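Enquirer: Going down the list, the sequences are from chains A and B.
Note that this note's numbering has the first sequence beginning at 1, numbered continuously upward.
Note that this note's numbering has the second sequence beginning at 131, numbered continuously upward.
Treat each hint with caution, since some may be false.
Just so you have them, the derived chain A footprint on chain B, three or more residues with Cβ under 8 Å [said to hold, decoys possible]: (1) 141-147; (2) 158-164; (3) 177-184; (4) 189-203; (5) 206-216.
Source of the hints: derived by calculation from the structure; they are not laboratory data.
Since the model is a prediction, treat every value here as computed from it, not as a measurement.
From the three backbone atoms N, C-alpha and C, an ideal C-beta is built for every residue, glycine too.
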Amino acid sequence: MFEYLVDYYNYWMFIGLMAIGFYAMMVKRNLVKKIIGMNIFQSAIVFFYISTSVKRGSVTVPILEHSAGHDAGHGIDIMHYANPLPHVLMLTAIVVMVATLGVAVAVTIMIYRRHGTLEEDEILASVRRR
Amino acid sequence: MKTTSFVLLVLVVAVLMYGTADIPKWGDPNAPASNHVSPYYLRHSIEDTATPNVVTSVLADYRGYDTLGETTVVFTAGMACLLLLKRVKSGGKDDV
């Protein structure tokens, strides 16, 4: 039981983090709080992918140590380096995260300029009044 | 409304918890994610790209088109922000 906990607890952490973000996106009435929830959600996904690149044992970051010489590639023990692929993909995901955050905040600013509030129900009332 | 969201949330969490039973253990060196293309990248990064940092060589060389598309995403987002936040001169159709 304890072994199982040690092997899988990181996934449960990310599920909890994702649940916090999802809850904020669904329930909160304030648009800024919704955006913060979206960012927490995306961070949970990024953490999950980064955690798949971990290898147990004597593992370092994927920066090769013996880089000199022509046959440098042959002495490389792949169990000595973390998996570089999730790192690269999450670099892309972080960029997309920032892009969505920027557009979301811009749209929120426009909504505030037009309706003077960021609360969802007040915005709906303001839309119906027009 | 709040109760419906909460029930939905609990449902999603339960499904995800059920799903974790099938994915490899944390830090398993023989996980499928570490055994398809990433050994190739680690072994051939030096001779192919002369870059000791494998993350850099994958990002800018092996998957360069991905990074090109990424810059397109950032450009599009920047243009969207600029167009949204641009103050319309008085006399325009939209009085924002």
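Enquirer: Examine the stretch 158-164 of chain B: at least three residues should have C-beta closer than 8 Å to a C-beta of chain A.
Expert: holds (count 5)
Enquirer: Are 3 or more residues of the stretch 206-216 of chain B near chain A, judged by a Cβ distance of less than 8 Å?
Expert: holds (count 7)
Enquirer: Would you check chain A against the stretch 177-184 of chain B, counting CB to CB pairs closer than 8 Å, and say if three or more residues qualify?
Expert: holds (count 4)
Enquirer: How does the stretch 141-147 of chain B fare against chain A when you require at least three residues with a CB closer than 8 Å, holds or violated?
Expert: With 4 residues close enough to chain A, the hint holds.
Enquirer: Are three or more residues of the stretch 189-203 of chain B within 8 Å, CB to CB, of chain A?
Expert: holds (count 6)
Hint violations for this structure: none, all hints satisfied.
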